[in-house]
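Let chain A serve as the given structure and place chains B and C on it in line with the hints.
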Amino acid sequence: MKDITYIATYSFDLFGTSLTVNTFTLINTWIVMAVIIVLAIIGTRSLKGFPNPAQRLAEIYVSAMDKLTKETLDTTTRTYMPLVSTLFIFLLLSNWLGMIPGLAEPTKDLNTPLSLGIMGFFLTHTAAIKEKGIVQYLKEYCQPFFIMAPLNVVGELAKVISISFRLFGNILGGAIIISVVSHMIYSLVLPPFLYVFFGLFVGTIQAFVFTMLTITYISVATK
Amino acid sequence: MEQVAVTEIVKSLSMLGAAIAIGLGGIGAGIGIGMSGASACEGIGRQPKMSSELFRIMLIGQAATSTPPTFALVVSILLLFGKYEGALLIQGFAALGAGISIGAGAFASGIGSAYPASRACEAIARQPHLRAPFTTLMLLGQAVSQTPVIFSLMVSFMLMFMPAKPDAGFVEFVAVISAGICMGFGAMGPSIGSGMAAESAIIGARHHREPEKAVGLLTRVMLLGQAVAQSTSIYALVVALVLIMLV
Amino acid sequence: MDGITGAEIIRAAALLGAGMSMGFGAIGPGIGEGFAAGKACEAIGRNPEEAGLLTRTMLVGQAVSESTGIYALVVALLLIFVVKG
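In order, the protein sequence lines correspond to chains A, B and C.
So the number in the working numbering is just where the residue sits in the first sequence, counting from 1, plus 147.
So the number in the working numbering is just where the residue sits in the second sequence, counting from 1, plus 10.
So the number in the working numbering is just where the residue sits in the third sequence, counting from 1, plus 1144.
Extracted from the complex, chain A is given alone in its bound form (with noise of 0.2 Å):
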């Protein structure tokens, strides 16, 4: 249990304030981030009018996520692809990355979901307000009523905790699962399994659901 929740850290003092970071997340999210820019460099290596099979991967990955994009958003421009693109596969490989022996999810640490929750955060008010104007989306927390602002500010902030914590605890919950059953018995089929369940399926799952309800998000907030 313990060697679950434990987090390497590494503290230092800059400038009088002690900082903390987090040695093992970070080198796993390194590693997720090298491996995705590998992908892409092996996927546009040589563009051709008759691709290769690593082109046609890439394109079958980047016009699936388009098309994503535009019917969530129902729009025809492309402003969030990017961003939805590879929020998915750093999701997703973050997610695999614990079937490995020896490293382990960085989405298992809870500040890399909480960061890209609160960057999704951001990203929908800043895109309401461009969208709408500053006055109609002020005037869109006192609805019903002016008394209730309050409340609907706490909503907008409970979906930030509700999207981190669904990765977070899904993955932590797997992972818990994964080590109490596997110190329980010794045997050689079930922990297996567990990972192809936690580690493949559902982490591709949540994997799509985090990035899906990213822009959904938006899609809502811009409407």
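Warning: the hint list may mix true and false statements.
[What the hints assert, rightly or not] Stretch by stretch, here's where chain B covers chain C in the computed footprint (C-beta under 8 Å, at least three residues):
id, region
1, 1186-1199
2, 1208-1221
[To be verified] Straight-line C-alpha distance at most 27 Å; calculated BS3-like pairs for lysine-lysine:
id, chain 1, residue 1, chain 2, residue 2
3, A, 306, A, 217
4, A, 217, B, 223
5, A, 306, A, 214
6, A, 370, C, 1228
7, A, 217, A, 279
8, B, 223, B, 93
9, A, 195, A, 370
10, C, 1183, B, 223
11, A, 277, A, 217
12, A, 214, B, 223
13, B, 223, B, 175
14, A, 277, A, 306
15, A, 370, A, 279
16, A, 306, C, 1183
17, A, 306, A, 195
18, A, 217, A, 195
19, A, 217, C, 1183
20, A, 214, A, 195
21, A, 306, A, 279
22, C, 1183, A, 214
23, C, 1228, B, 175
24, A, 277, A, 214
In short, the hints are calculated from the structure, not lab data.
Beta carbons: idealized from backbone N, C-alpha and C, even for Gly.
Only chains B and C this time, still in chain A's reference frame:
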């Protein structure tokens, strides 16, 4: 003499937790597995030629439905065969909280994941050529509707294996039980709700003109709806974690 | 267990109240939002062309029905962090 009494209390509280976990957690799946069995029987009655196909789908759906009580069984066994020598009083209350958390969570999740299973059996009996999209929707919907019970299990494990503080008093005893109640009952509504969403996704696929093509769209909407429906269970998780961390 | 003070009882009751508030408060919105999601799926099955509109309507309806869950969360957090006993 004092130490023996504490050990006995912790042991009996753990036994109570184990009983609540599997006793309450088994009810839901018992009802749920019966529901999908009933739907499969009706389907076979209507289409006796389909019996082997429907039997297979029924067993798959029932296997997925019995995941939550399996979690409850794991918690129950861990509580029954734990080590109580030198245990502190707080661990007994934490064990009771763990039992309530997974028991109530598994109760609702067993019913919730039975809705799509039973509807899939019914749908396949009427439109046998569409068993692939119905099975996909059923399994995806069941897996996602079991997210709240995974949160329950997580809170249970945290309660059972948390480091015990020796100076814990009355407030801490109540706080760990409260965390169990919060997560256990908080998981109930979202599990049933997301099960209903998955059931309706199968109904939606039946109404569609070309159900094979609708699966992608319906899966997307279903996942989105279930994810939003589960936000209240995430708030319950947050409150339970705050209650555990405060202790 | 003989030294329970009044302040401790208040604090304990507040924590128990927080757990019950969020726990029972989550039941209704969970079922309701799942119901909304289900009806949206059914409607999309009948009328796939309006999927975008239906999804947005579903999300707005869910957001409104979730507000009671958010009230429960607010009450629970107030009970935990404000009532000191």
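Tell me, which hint numbers fail for this structure?
6, 8, 9, 13, 17
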